[in-house]
Structure formats: C-alpha cells, structure tokens
Amino acid sequence: MDRLTIFWMLMAATVALFLWGLVANVSIYRAGRRRAPAEAPPDGLGARRVLGALLADGLFHRALFRESKWRWAAHTVFSIGFLLLFALSTFTGFFEEILHRGFGVATPFVLAVVDKDTPIMALLNEVLGLPLVVGLVAILVRRYALRPAQLRTEADDTWVLALLGVGLLTGYPLEAVRFLAEGTAPAAGSISFIGYPLAQALRPLALPWEAWHFALFFVHVLPFMALLVYMPYSKFFHVLVGPIVATVNALRRGEAAR
Amino acid sequence: MTRLDLSRFGAWQWIQMDACTRCGECVKWCPTFAEAQRDEITPLYKLTRFRSYAKGLRGGFLARLFGHRPPTDSDIRLFSRGAYDCTLCARCTAVCPVHIDTRDIWIAMREEMVAQGAHPPLFDTLRATLGEKYNILGEDNAQRMVWSENLDTPLGDIVGRRDADVVYFVGCVSSFYPAVYGVPQAFTSILTRTGTRFAVLGGDEWCCGFPLHIAGMGDAALELARHNVQAVQATGAKRLVTTCPSCYHTWRHEYPRWLGQPLGFEVVHATEMLAEWATSGALALKRLDAQVTYHDPCDLGRTSGIYEAPRRAIRAIPGVALVEMQDHHERALCCGGGGDAEMANAELTAAVAKRRLAQAQATGAEYLISACQQCKRTLAAAARREKVRMRILDVTELIWQVMQ
Chain S
0 MDRLTIFWML MAATVALFLW GLVANVSIYR AGRRRAPAEA PPDGLGARRV
50 LGALLADGLF HRALFRESKW RWAAHTVFSI GFLLLFALST FTGFFEEILH
100 RGFGVATPFV LAVVDKDTPI MALLNEVLGL PLVVGLVAIL VRRYALRPAQ
150 LRTEADDTWV LALLGVGLLT GYPLEAVRFL AEGTAPAAGS ISFIGYPLAQ
200 ALRPLALPWE AWHFALFFVH VLPFMALLVY MPYSKFFHVL VGPIVATVNA
250 LRRGEAAR
Chain V
0 MTRLDLSRFG AWQWIQMDAC TRCGECVKWC PTFAEAQRDE ITPLYKLTRF
50 RSYAKGLRGG FLARLFGHRP PTDSDIRLFS RGAYDCTLCA RCTAVCPVHI
100 DTRDIWIAMR EEMVAQGAHP PLFDTLRATL GEKYNILGED NAQRMVWSEN
150 LDTPLGDIVG RRDADVVYFV GCVSSFYPAV YGVPQAFTSI LTRTGTRFAV
200 LGGDEWCCGF PLHIAGMGDA ALELARHNVQ AVQATGAKRL VTTCPSCYHT
250 WRHEYPRWLG QPLGFEVVHA TEMLAEWATS GALALKRLDA QVTYHDPCDL
300 GRTSGIYEAP RRAIRAIPGV ALVEMQDHHE RALCCGGGGD AEMANAELTA
350 AVAKRRLAQA QATGAEYLIS ACQQCKRTLA AAARREKVRM RILDVTELIW
400 QVMQ
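Taken in sequence, the protein lines are chains S and V. Residue 134 in numbering that gives the first Met the number 0 is what sits at position 135 of the first sequence, and the numbering runs on without skipping anything. Residue 1 in numbering that gives the first Met the number 0 is what sits at position 2 of the second sequence, and the numbering runs on without skipping anything.
Warning: the hint list may mix true and false statements.
[As the list claims (entries may be wrong)] Only part of the chain S face toward chain V is listed, based on derived beta-carbon distances under 7 Å:
| id | residue |
| --- | --- |
| 1 | Arg-61 |
| 2 | Gly-166 |
| 3 | Thr-169 |
[Stated by the list, open to error] Computed footprint of chain S on chain V; a stretch qualifies when at least three of its residues, placed anywhere within it, have a C-beta under 8 Å from a C-beta of chain S:
| id | segment |
| --- | --- |
| 4 | 315 to 329 |
| 5 | 359 to 371 |
[Unchecked claim] Part of the chain S face toward chain V, derived, beta carbon under 10 Å:
| id | residue |
| --- | --- |
| 6 | Ala-187 |
| 7 | Leu-227 |
| 8 | Pro-231 |
| 9 | Val-244 |
Please keep in mind that the hints were generated in silico from the structure rather than gathered at the bench. Remember, it's a predicted structure, so these values are computed and weren't measured experimentally. Idealized CB from N, CA, C, for every residue including glycine.
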C-alpha cells in the first residue's frame, strides 16, 4: 500500500474518533440545563462589535496581552502560526486530493499549488513552520524550565505538548528527507531556506531516503492524528471553544466597547 | 463511584469549563489559596477536575483511556473542601484570559455538593434557621429594628410606610450584629437629613436568600425572594436601596432571574445615592483632613460593576485624600468575609482579612473605608487581632460623620 493510501485510511479513522469525542462533549453541553441569563444581552450588539470582539478577544486575546506581554507573544505566535499552516494544509489538500487526483484537474494553477516546490508554496510552508517552532519552544521553556508557581503540570499538559512537539519538530527534517528522496534540484529546493540546507547536511549519510521519507512522514503526521483524537478529552479542546468563550464573555463584559 | 447531575450546570457553563487552558493565572490571584496553599481550593483544580468527572461519565471508553473517570466518594469529599473554602470573590474571572464566569460555576458546584450530601453540616443549620426565623442569626425577626433604638433622632413610623419613595433593605448583618449597627444608623440619618421619604420592612424583611444561594441551597432561597418582593411591592415604592452589597447583588441581579420577571421597581446601592448627593452638594459635607483608602467589596465591585460611586462620594469630602491599595477595582483583594467561607473555615477568612489589612496599612491611610457591613466586620476583627490602629468605617458612616 502506498504512503498516501495508508495516510487517508488513518485519517478517516482519526476523524471518526475525533467526531466521537466531539459528540461526547456536546452531549455534556446538552445535559446542561438552560439557565436564565442574569442580564439582558448588551444593547447595540451589532456585527461590528461582534467582529471586533472576535478579533481582539477571540483571536488576539487582549486580556492575555494585558496580563503578560511575553505569554501573549508566545501564545499568539503559536496559535496564529498553527491556524495559518492548518489553513494552508487544508487548501493544498483540497487541490491535491479532490481537484487533482479526484477529478483530474491539471490547470497550471492547480499544478502550482499541488507542487510543494513551487516557490510560493515552498516559501509559505517554510515560513509558517517557524512561528510554530518558536512559540512551542517558548511554551516548553515556560512550563518546564521557568516553571512559574501558578502552573500545575499534569499528564494532560505533557501529552499535548509532546504530541505537538514531535509533530512540529519533525516538519523540517521531513522536508529535508523528501528533497533527498525525490532528488530535488538545487534551483527548486533553495527557496526552502531551512529544509534544503538540512537536506544538504544529511546527504553524506547516504541512507535509503525513500524508506526514511516513508517512515518520517508517519512520525510527523501520527502525533497530529493522535492529538486530534485526544483533543475533545484534553485541554487542547480550548482551541475550538476558547475563541467563542473569549468573544462572548468580552461582549457580556462590555470589553468590545472599550 | 458517584453519579453527578450534569443538568445542575448550564450548557454555557460546560462550554466555559472546556475553555480553561490550565494557564494558572487564577491560581496566582486566588486569595484563599494564597493563605491555605491547598490545590483543591484553586479555580484551576475545580474546573479541570469537574470537567474530567463529566467526561468520565459521558465520554465512553476513550475518555477512560485518557484518564477521565467519575468521582469517587473521597474525590467528592476533597472537592467539597475546595468548593467551600472559597470566598466567591470572582477575582479568578477578572484575571482569566477568557474571563470564564467562574462564580456561577462555583455556586452550581456547591449545589451539586449539597445534592451529594458532601457540604459542611453547618449549612443545614443555616437552612433550618432561615426557614424558621428568616434571618441568618436565628434571632426573633420582629427585632429587626433593634439597631435604631438608640438613635439621637428617632426614625418615627417608617416600618412598612405606604407613601415612601424608597424602601431601605437593611440586611441581616446590619440588623443584628451590634458591631455594624452604625451602618444603618448612619444611612437612615442621611436619608432623614436629605428629606427622603423612606420605609423599612422591619419584621417583614426576610433574609434576601444570598447566603443560601451561594451555599448551593438556592431552592430554599426562592421563598424568601418571593416574600421580600411582595413586601416591597406592597409599599408602592419605586426604588429599593441597600447598604449591603450582597443584598444589592441578589435583588438587582438574582431576583429577576430566580423569579423570571422584572421586579417593578429600581434597585440601587446606597453608594450610588450618596455619590449623587455628595457630588451635587446636597449633603453639606464638612472638611476632614485625612488620608483614606477604599476597599472594594466583591459583591459591589467585581460582581455588580460598581467601583466609582463610592469613590466619588469619598472624594467629595473636602480635605480627604483617597489613596488606592496595591490591589483595587477589578483586582481588589477580598476581605475574606464573603462566599459563606467564614462558616466553612473561619481561620481562612481571618488570614485573608489580615493580608487585606496589611495592604491598607501600606498606603499610610488613617481610614479604611468599605461599602459593606460584612467587609467592615471582617476587617475590624482583623484589626483588633493584629492590634492595628486604623479607623475602619463604612462609606455611609464616613459621610454621616462629616455631615455632623
């Protein structure tokens, strides 16, 4: 079985388990009774205020910014990088799996998106990986080296960070091994300012690069799949509900008007 | 294994619990954890444990695989200690990066502890006392006006007065604790001086139900609420005023929710009226050359949003310099006297009060002013224990002092 067939089979199982967890969480929410709100919704709750709160509080967490600039920077770099890379992966995945492989579309634009070595795609993948690595390192340093007194590190914290860490830190090596496995020419690879130099550094090892690419690909994607399955049961679920809660509570508190 | 009633919580409360990232900001600011250093007190513990229990109940085999399980009896006992060793000050909401509305969640958790029979037994006594006597001290409720007996100027026939514009809801603590009689005495004196037509309910005033509600016995508070609302409506007054922030919060924010309808009259806190009068020059305030610091009561500030009215009233006094403590406004440290914590753990309340008093002392102020009889009682007790020479007054008492 080829690498992508295995990937999609695993992905289907992952999504099914994730949805199972999501349904379990929603069943808890549905078990909750409706409580009458203490106050009527704030007046003048127009689209502009909602959008303002979504951006300032849901996405950019102004309350965290007020609390600690350092923590805000680490969280924002990581979360925005994650969001953008996720969007890029979804976009390219749609082009590759649905348009190109599914429907056989082969227009120049589709081919440019599908080809990882197109300068713009190579650059986007390379650049968007950086804030994730920087943000993750900052988060790890704070939790495990600086260890502020208010933190309580439990298995949940460690599992989430370990899965993210393995997934993210294997991104550039995977790219490097792909260059070696596919024999990418310097002209095409050089735009990848981290992956390609890493490939050059690894080349003297003369390993069976195709097998390594196969293996490293799964080392890279399996942690993310595990994280997706784990997400509804972990604190990582905040990536879905946190922005909603931050937005709604900011509107309730009148923060959006400030 | 213990079953939990998930319907005790609102859907939005469950969603908010899932938004906790375990960042620990709430731990840093929790006043009771700062003193007791027991993890089960922290908001972080309570939120993450409870959501784990729920996932253990509803999440199936995967939840079990990931370590979630329903609580055991010993889990519940430990959880209950944390749930009740909390002043419900809501500072955790203020500092939470996504502002999880923790206080209502803590109250729902206490409701669950009551349902499990894991609450401190003293609260059963409170429920029985309020059911029979209608005040938290178990005194004869007909004696609610005892605080007014030694006033220089008698109040006259103000109990249940039908032509009043304002009903003054005195509250249990001010009515029955001699140490804080000064609060209703000062406020009614100001009302008289300003020519306000006001009434009190006397023996018809029942506890507002706040102590039961926050103990997790909200069902028992409903009868008290219905009685009080009917008693005020019977006077025909269009405004109700309280000096107690917890009564204010309950009347203003909880009663309409419990009863499912508007009250039909306005609810204000005394400091709002004082600020209006003091800044408009209606009170003829004499000079007081003194440095004053103000303690924000949790139920007036954080949970009701009134920060500036008491400050405006204080600043209106000629000669007074208002200095802020290290923690003030939304970040103000609790006095320790809220959330029924004193009933569950008096030692903890005293420790929190001591810390707040130290913050007040650090300002160099001669007066520590609050807008809550319970804060005054708690801080004054701390001052006595610590032998701190500082005048601790309610803002109504300060204003009345400079009106004489």
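Against the structure shown, which of the earlier numbered hints fail to hold, in ascending order? 1, 2, 3, 4, 5, 6, 7
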